[in-house]
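Asker: In case you want the letters, here they are:
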Amino acid sequence: MSEPVMPEAVMPEAVVISLLAELSRLLERLVRTEETAAIDLRSLPITPDDRAALTTALGRGEVRVTVESGGRSELVETGYPGIWWVRHLGAGDRVLTERIEIAPVPEALAAAPADIAAAADRLAAHLAALAERESSNA
Amino acid sequence: MRDRETIGEGLARRGLSRRALLRYSAWLASLMALPPTASRVMAETLADKPRQPVIWLSFQECTGCTESLTRSFSPTLEDLIFDLISLDYHETLMAASGAPAEAAMEASREANKGKYVLVVDGSVATGLEGAYSTNAGKTNLATLAELAADAAAVLGVGTCAAFGGLPMADPNPTGAKSVGDIVKDKPVVNIPGCPPIPEAIAGTIAYFVTFGRLPDLDHLNRPMAFFGDSIHDRCYRRTFYDQGKFAKSFDDEGARKGWCLYELGCKGPVTWNACATLKWNAATSFPIQSGHGCLGCSEPGFWDRGGFYQPLSAAVMGNPALIGGAAVAAGAAFGAASAVQARKKRAAAQAAAKQAEEGRQG
Amino acid sequence: MTLLDFARGPAMNVAIAICVAGIVWRLVALLFLPRARDRSTRRPGAPWRVTAAATSILSHMKVAKGLGPVPRFAVWNAYAYHIGLFVIVFFFTQHILVWEGLVGLSWPGLPTGVITVASVITLAALVAALVRRVSSPILRLLSGFDDYFSWLLTTLPVLTGLLAQSHLFLRYDTMLALHILSVAAMLIWFPFGKLFHGVLVWVTRGRTGAFYGRRGVAI
Numbered sequence: 557m558s559e560p561v562m563p564e565a566v567m568p569e570a571v572v573i574s575l576l577a578e579l580s581r582l583l584e585r586l587v588r589t590e591e592t593a594a595i596d597l598r599s600l601p602i603t604p605d606d607r608a609a610l611t612t613a614l615g616r617g618e619v620r621v622t623v624e625s626g627g628r629s630e631l632v633e634t635g636y637p638g639i640w641w642v643r644h645l646g647a648g649d650r651v652l653t654e655r656i657e658i659a660p661v662p663e664a665l666a667a668a669p670a671d672i673a674a675a676a677d678r679l680a681a682h683l684a685a686l687a688e689r690e691s692s693n694a
Numbered sequence: 109m110r111d112r113e114t115i116g117e118g119l120a121r122r123g124l125s126r127r128a129l130l131r132y133s134a135w136l137a138s139l140m141a142l143p144p145t146a147s148r149v150m151a152e153t154l155a156d157k158p159r160q161p162v163i164w165l166s167f168q169e170c171t172g173c174t175e176s177l178t179r180s181f182s183p184t185l186e187d188l189i190f191d192l193i194s195l196d197y198h199e200t201l202m203a204a205s206g207a208p209a210e211a212a213m214e215a216s217r218e219a220n221k222g223k224y225v226l227v228v229d230g231s232v233a234t235g236l237e238g239a240y241s242t243n244a245g246k247t248n249l250a251t252l253a254e255l256a257a258d259a260a261a262v263l264g265v266g267t268c269a270a271f272g273g274l275p276m277a278d279p280n281p282t283g284a285k286s287v288g289d290i291v292k293d294k295p296v297v298n299i300p301g302c303p304p305i306p307e308a309i310a311g312t313i314a315y316f317v318t319f320g321r322l323p324d325l326d327h328l329n330r331p332m333a334f335f336g337d338s339i340h341d342r343c344y345r346r347t348f349y350d351q352g353k354f355a356k357s358f359d360d361e362g363a364r365k366g367w368c369l370y371e372l373g374c375k376g377p378v379t380w381n382a383c384a385t386l387k388w389n390a391a392t393s394f395p396i397q398s399g400h401g402c403l404g405c406s407e408p409g410f411w412d413r414g415g416f417y418q419p420l421s422a423a424v425m426g427n428p429a430l431i432g433g434a435a436v437a438a439g440a441a442f443g444a445a446s447a448v449q450a451r452k453k454r455a456a457a458q459a460a461a462k463q464a465e466e467g468r469q470g
Numbered sequence: 026m027t028l029l030d031f032a033r034g035p036a037m038n039v040a041i042a043i044c045v046a047g048i049v050w051r052l053v054a055l056l057f058l059p060r061a062r063d064r065s066t067r068r069p070g071a072p073w074r075v076t077a078a079a080t081s082i083l084s085h086m087k088v089a090k091g092l093g094p095v096p097r098f099a100v101w102n103a104y105a106y107h108i109g110l111f112v113i114v115f116f117f118t119q120h121i122l123v124w125e126g127l128v129g130l131s132w133p134g135l136p137t138g139v140i141t142v143a144s145v146i147t148l149a150a151l152v153a154a155l156v157r158r159v160s161s162p163i164l165r166l167l168s169g170f171d172d173y174f175s176w177l178l179t180t181l182p183v184l185t186g187l188l189a190q191s192h193l194f195l196r197y198d199t200m201l202a203l204h205i206l207s208v209a210a211m212l213i214w215f216p217f218g219k220l221f222h223g224v225l226v227w228v229t230r231g232r233t234g235a236f237y238g239r240r241g242v243a244i
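So the sequence lines, in the order shown, correspond to chains S, R and G.
Read in the numbering used here, the first sequence has 625 at position 69, and its numbers run on one by one without any break.
Read in the numbering used here, the second sequence has 461 at position 353, and its numbers run on one by one without any break.
Read in the numbering used here, the third sequence has 141 at position 116, and its numbers run on one by one without any break.
So that you can see chain S by itself, here it is in the shape it has in the complex:
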């Protein structure tokens, strides 16, 4: 399943259309102002059929990411770059929360500045330790 799936031109339910309208508005805003957004799917009163229809309408893009950080999350780019389908899983892989994010990358994907800074320190320390061992071996 490596090929992107183009968004289908099938007539979906009214609630799906209104969600697509909202996503369109948010995507245009992202283009204009670089402001990110998110829609929480868990709290929306949509049926499993509507959810499937929304998935079909959005299609699938080029990126599929699995994050393992105290549990698993699945981040999938839809057929519209900038619109991501994000699923955070809990015990037994049950879906804890599901949201659609409108952003260049989803929240949980990019490394946080604090983590990068800590990593820089850690890598420098690791290199220093390697250098010391080399000098003691020589």
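These are computed hints drawn from the structure, not numbers from a lab.
From a predicted model like this one, the values you see are computed outputs, not experimental measurements.
Misleading hints may appear alongside valid ones.
As the list claims (entries may be wrong) - Heads up, simulated BS3-like pairs for lysine-lysine below, C-alpha to C-alpha not over 30 Å straight-line:
(1) R:Lys452 with G:Lys219
(2) R:Lys221 with R:Lys292
(3) G:Lys90 with R:Lys453
Unchecked claim - Label pairs and their calculated CB-CB ranges:
(4) S:Ala680 with R:Pro208: 33 to 43 Å
(5) S:Thr612 with G:Trp101: 52 to 62 Å
(6) R:Ala204 with S:Thr611: 49 to 59 Å
(7) R:Lys462 with G:Pro96: 43 to 53 Å
(8) G:Val242 with R:Lys462: 25 to 35 Å
(9) R:Val149 with S:Pro660: 17 to 27 Å
(10) G:Gly223 with R:Gln449: 19 to 29 Å
(11) S:Ser691 with R:Ala212: 16 to 26 Å
C-beta: ideal position from N, C-alpha, C; glycine also.
Starting from the known structure of chain S, fit chains R and G onto it as the hints suggest.
Answerer: Here is chains R and G on its own, set in the frame of chain S:
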């Protein structure tokens, strides 16, 4: 004074990046109906905060509330709550016991005066001045008063702590009371349920850690995010109720078809909790889905509301035959007395008329 | 104890006890009143007392001939809310459960949708009855506290029941408690006001029918 490790640092020590916090706050925002875009700010706030000190006192309880909270078997998002808090005292979970455990509680209370969250499960015994529920000779009633005085907030976890629960059921031999009945000068949040849904406990604590205040509460001090809807409002069997299709007995034809359990005593319409949406055991099921009516376990006095299997519409009669019999007897007595009086009146009137007749003739 | 616990418990216990005691009291007091023996001669071919009584009860159920349009509407309207009340009280499953708790008997109920329709019709008919009573100058002249109070105590259970079942207005447990309390009020009033016609009408129509039947008059 040692500098407190932040939540972010604690997670890094465990090998988890800020992503874990982003995932957690995304879930928390969804649970508590906050705007989804708030998750980024929530994660950043949490990362820089020190772990929230929590002192957990257990009184007249069955430990079901703790069991409910600790149902994870592998590191998952559900038990991330234990990275957000510093559980300084918990009789079941802590490694220490006896005097060292009590010393740990005192140390946390001293170090975190005015900042710790006091969690209580189990009801407070007040009979015999609290002697029914003691710890090393000290009544839990006294302990509650002391620990609540220095707490930032008090959480009554489970129906026992929130409303008195099973120990308070008739005839209440230990004089059990709720935490809210005893603590009057601190904000008290009730997270009832027998046991409560784990997300309700963890979500409320996490909300407090993130925002430094308690979420919106209803008139019984329960977080609206988890106790705002009734089971009935979100029950998947609701259409059967609306049509009047009820199971008449357990495992009968209607029950097998998944019909409404109203006749079997379901208290869903008058019970406020998130069981129908969040469910239990990793969203596996909840009582109604398993074929048993709701007991109403997150409501005050649910043990004494007539029977669990008595339908909500039925009157809670002491003894219908006795009351009916007594009423009939009383009515008959009054009626007979009235009839006797009427006959006496007529007899007197007839006698008077006879006398008048004789008087005229004589 | 919440309002609902009070309504389901002590309130209903007291109301049912008073209702039963009141019905028995009034019936015993009435039926054991001293009566003059009927000294008239029984007409030849006069029906049995029971037959005459039953015939009278049935004949009074017919809509009288010669009524004008408004009084005729009033009679049909009354049938609407009487039959409606009967259907709601005895064929709504949730109410059948109340009877089962009290007398141990139960029977199949009607679909909830049917009961909802019956309730709406009953409520409309009750309101129409009040409008008629208030707008007719004669009825207004004749009506007193008992008439209006009895109407109120009959209408409140129907209204609160509809609101509770539809989950409208107040929280469900409050609405249910109000519904049960309104029924308790009606039960307490039942033996003592005009509502007692529910028990008396069988006695009076039967007695009148028997009285005239003996004299050879079918009424």
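Asker: All hints, please: hold or fail.
Answerer: For each hint, the structure was consulted:
1. The suggested pairing of lysine 452 of chain R with lysine 219 of chain G holds, with an alpha-carbon distance near 28 Å, which does not exceed 30 Å.
2. For a cut-off of 30 Å, the pair hint linking lysine 221 of chain R to lysine 292 of chain R stands: about 18 Å separates their Cα positions.
3. Pair hint lysine 90 of chain G plus lysine 453 of chain R does not hold up; C-alpha atoms about 43 Å apart against a cutoff of 30 Å.
4. At roughly 40 Å, the beta carbons of alanine 680 of chain S and proline 208 of chain R sit within the given window of 33 to 43 Å.
5. A C-beta distance of roughly 57 Å is found between threonine 612 of chain S and tryptophan 101 of chain G, which places it inside the suggested range of 52 to 62 Å.
6. The hinted window of 49 to 59 Å between alanine 204 of chain R and threonine 611 of chain S holds, with their beta carbons roughly 51 Å apart.
7. Our hint of 43 to 53 Å for lysine 462 of chain R and proline 96 of chain G holds, since their Cβ atoms are close to 48 Å apart.
8. A beta carbon spacing of about 34 Å between valine 242 of chain G and lysine 462 of chain R agrees with the range 25 to 35 Å that was offered as a hint.
9. A hinted range of 17 to 27 Å for the beta carbons of valine 149 of chain R and proline 660 of chain S is consistent with their spacing of about 19 Å.
10. Between glycine 223 of chain G and glutamine 449 of chain R, the C-beta spacing of about 26 Å keeps the proposed range 19 to 29 Å intact.
11. In this structure the supplied range 16 to 26 Å is violated for serine 691 of chain S paired with alanine 212 of chain R, their Cβ-Cβ distance being about 46 Å.
Checked against the numbered hints listed earlier, the structure breaks hints 3 and 11; every other hint is satisfied.
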